[in-house]
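Letter by letter, the chains look like this.
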Amino acid sequence: MAGCRMKLELSRVALGKGRLGVLKGLGKTGQLSLEVPGCLLHTHLGTVPHLTQDTLSTLSTLPSVTQITLSNIAEHQEVLEEFKDGFRKFAGLHDTVLYCALHDPATPCPTGHTTNKTVSVWGSGGRIELTVAKFMALQKAVKPDWYQSMADGETWQINTSHKRVRKSVDRSLAHLDECLLVHQKSQELEGVEVFGVVEGGDILEERVRSAKETAKRPVSGFCLDGLQTGSMDQALRTQLISAVTKELPEDKPRLLQGVGRPDEVLASVEAGVDLFEGFFPFQVTERGCALIFNFNISSNPELAGRAPPAVLEPGEDQETAGDSQHNGDLNPDDQTQMTSFEINLKDKRYQGDFRPLVEGCGCYCCRNHQRAYLHHLLVTNELLAGVLLMIHNTAHYHAFFSALRDALAEDTLDLLKRRVLGQTERKD
Amino acid sequence: MAATRACGAAANTSENIMSLKKALSVASPLTLRIVAECPVTKARACDLILPHSAVSTPVFMPVGTQGTLKGITVDQLDALGCQICLGNTYHLGMRPGPDLIEKANGLHGFMNWKRNLLTDSGGFQMVSLVELSEITEEGVKFKSPYDGKEILLTPEKSISIQNSLGSDIMMQLDDVVSSTVTGPRVEEAMHRSIRWLDRCISANKNPEKQNLFAIIQGGLNTELRKACLDEMTQRDVPGFAIGGLSGGEEKDDFWRMVTLSTDHLPREKPRYLMGVGYAVDLVVCVALGCDMFDCVFPTRTARFGSALVPWGSLQIKNKQYAKDFEPIDSDCQCPTCKRHSRAYLHALFKSDSAAMHHVTIHNIAYQLNLMCSVRQSIVEGCFPEFIRTFMKRMFPSRDQYPGWAVDALASVNITLE
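Those sequence lines, one after another, are chains A and B. Position in the first sequence (first residue = 1) + 294 = my numbering. Position in the second sequence (first residue = 1) + 54 = my numbering.
Quick list of in silico lysine-lysine cross-link-like pairs, DSBU-like style, CA-CA up to 30 Å:
(1) B:Lys404 <-> A:Lys383
(2) B:Lys195 <-> A:Lys642
(3) B:Lys197 <-> A:Lys642
(4) A:Lys642 <-> B:Lys168
(5) A:Lys434 <-> B:Lys371
(6) A:Lys428 <-> B:Lys377
(7) A:Lys301 <-> A:Lys311
(8) A:Lys378 <-> B:Lys371
(9) B:Lys404 <-> A:Lys434
(10) B:Lys404 <-> A:Lys640
(11) B:Lys157 <-> A:Lys640
(12) B:Lys404 <-> A:Lys428
(13) B:Lys377 <-> A:Lys479
(14) A:Lys640 <-> B:Lys211
(15) B:Lys373 <-> A:Lys378
(16) A:Lys546 <-> A:Lys383
(17) B:Lys203 <-> A:Lys642
(18) B:Lys373 <-> A:Lys434
(19) B:Lys404 <-> A:Lys378
(20) A:Lys322 <-> B:Lys404
(21) A:Lys642 <-> B:Lys211
(22) B:Lys392 <-> A:Lys378
(23) A:Lys383 <-> B:Lys392
(24) A:Lys411 <-> B:Lys404
(25) B:Lys280 <-> B:Lys305
(26) B:Lys203 <-> A:Lys640
(27) B:Lys195 <-> A:Lys640
(28) B:Lys392 <-> A:Lys322
(29) B:Lys373 <-> A:Lys383
Reference listing, derived: stretches of chain A covered by chain B, where coverage requires no fewer than 3 residues with Cβ under 8 Å from a Cβ of chain B:
(30) 380-388
(31) 658-668
FYI, nobody ran anything at the bench for these hints, they're computed from the structure. Every residue, glycine too, gets a C-beta built ideally from N, C-alpha and C.
Produce the entire structure from the sequences given, and follow the hints as far as they go.
Here it is, written out as C-alpha cells:
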C-alpha cells in the first residue's frame, strides 16, 4: 500500500476562489507540513541553484518540501545504489521532505522520444530512457518521501493530435498502475507517497477522463501535467483545471506542473490548485532579472515582517518587450522572456541606482547590496550575480505565496489580484 | 575554519592592539607589530594593523578582481576568517569606473566588505594583456577589449583610481616585465619603476588613510634587484612588495630573488610577495621572510573542480570520485567538508554552478588555515618542525621534494631528512 500519512486539512474552500489549508503528515516521521497554496523548493540535484547551505540559510522561510527531478538524478543511479542510504543523505539535506518529480520544469526537453513503455529524461550525458522498472528502481535508490508516477506529458506542443493526447492519457494510467504494483511490493518504498498524474493536453474530455480514472487509483494526490506556461493561455488552463478538479477528491492535494508566473499562479489557485513547482525565481535569475512585483495589500504599512510596497517609478516596469504583456505566449521557448513582474538589472538605468532591489525586502541581497552593484556583477559576468539574485528572487516569490495565503484567509484575494496584476496592465 | 577564526581573534582582541591602535590612529594607517620571529629561518609572525581591521601574518589574500570573490558573498568570506582581500584597479577602473565607486563609498561600500582591501595598480595587466598594451615613460596605453577604446594608465591615474576605490593598501604602478624576458628592457623597467614610485607617492591624496606600497623589480638579475632595493628602501613607504616574479621563471631563480629581496628590506615593514599561492611556495617563502601573499590559483582552480588538500589536490570532476563518499578532507572544518562528499560534488558539477562555490569555499579555507597553522608554529617556536611535517604530508617520498624548495630551505638552515 502506498504511504497514506499525507493529509490535507482545508480551512477554507470556496468554489472558483481557491482553497486554503495545510498539508500535514509529511516526511519520515510525519511531523512536517506545508501550507497551501504553496510552492516547493526547486533544486538541481538537491541544491537550490547557485546556493550553498550558507547562502540558502539566509532565507528565513523556506518551504518544507524540496523538489528533485529524475532529469538530474537518473544518470547517478549506480552511485545512489552503491551509496544505499538514499538521496537525502547523499545530498547532505537535513529536515526536509523530499519530492521526486520526473522532469525539470525549468528546462523543456526534446519531444519525440516517448514510447508506449518508456519516457526519456536528459541528463548531462544525454538521453536516458526509462521503463517503469527503471523508474521504480530509481525511486528505490533515491528513497524520496513522495514522488510522481511515471507519465507521458508530451502534449504541450501546438497542434498535438487528439490521438496523441488520448495516448498520453492511456499510457500515463498504465504507467501509474505498473508503478503502484511495484510500489506495493517494495519494502524500501514503505511509507512513501505517490501522486498520480493527470494528462489530457488541451482536450476537455480527455482531461476529465484522465482525472476520473486517476482518482480511482490509491494515490495521495495529483499532479496536473501538460498545462505548463507556454502550452496554452490561462483562460483555457483555468477551464481545464476547473473541469479536472471537479473529478478529483477534495481532500487530496493538486500539484500543477510547469506553471510559475504570478498571474498564472493566482488564476490556477482560483481554479483549485494547491501546489506549484517553485522554479520561476530560477528562471528570472537566469535572465539577470529581479522580481519586484508588489503583493502587499496590508492596510498597516508598519506591520512587522511585511515588505512595504515596492517603489515602482513611472516606467519602472516597462522593461518588457511588448509581447510579454500577454499571458501565456504560445511558444514554450518564451519561458525565457522577461515578464512585467521583474526588472532587468543589466539595463543601463541601474548603473547608478543605489537602492536595494526592493525597498523593505528583508533578504540578504536587499539588506547588503544595491542595484548598482548587481548591475556591475551582471555586466562583468560575475558568478555572484546569480547567487544574490537567486536569494532575492526566492525570498520575494515565497513571500508572494505567503501573501496569497493571507489573502485567502482574509478574503482579500480580489485586492491581491488587483495589486499583483495591476502591474501587468500598466502601459505608461 | 575554527583555527582561522582563532588566529584573527587573537590579534583583534589583544589589549596591546587596542592601545596601539589608539595611539597610532592619528599617526599612520599601517602599523606592523612583530609578534614572533623564527630563530632558525627568516620567518616572522606579525600583527598588521590597517584601517579596517588587524591582519595576522603570514597572510594569504584571496583575489576578488572585479569587486567580488567569484561566487562567494562577503559574509561567507568573513566567516572563513578572511581579513584582507584584493581588488584590481585596471578592471574596476574600466567597469564600473572610479566615479561610480566613489559615489558608492569606495570599493568597501560598493561590495560591502567591512575588512581590508588591497588594490593592485594595473601593472600586472601590462604583462597579462601585453598584446593590448604599449608602455612609455608617461604610462601604459591599453586598448580596451570591451569597446576598443584606448586608455592611458599613468602612475597618477592609477593612484587616482585607487584613491577613489579607497583601499587600505594601494600598489604603485610599476613597469612590469615578464620574468622570462632578458636584456636591457629589464633594466629600463626597473629604473622606470623607481621614477613611477616617486610619481605615485606624490599623487597619493590620502596618505593618512591609504597605504602605498612600493614594488621591487629587477627581474632575475641580482645587480638590478639590489639596485632597486637600495633606491626604493630610501623612500618612506609603509610596505614593500616583491614583484616581477611568479611568472614562469625557473624556481631556482625565483627563490634566490625572493631571499635577496627580504635580506635587503627593512625588518619593521611588511613584505608582500605578489602572485604566490601554491602551498609549497607559501611555506618556503614564509621561511624566506615574506609576510603577505596573493594568488588567483586557489579560487580559479576550484572552479575547475580542483580541491586543495594537504597532500596535493583532488580533481573532483574525475570519474574516480563518483562513488567516493568521503568529504574532500575529513580533517577540514569548512562548510563544504562538514556537509558534502566528493561524490556529491562530483555529481553536482554536472548540474549546477554551486559545485564551484563549494570548492571555492574549501580552497579558501585551505589556504587561510595553512597560513594560520604556519603562523601558530612560528609563534610557538616550532616552524622548522612544521615545515618538515608539511613536506612529508605533501610529497610521497623524500626524492619527490622539489629541488628548489630543498635548496631554498637549506639556505635558511632547514634540512629536510
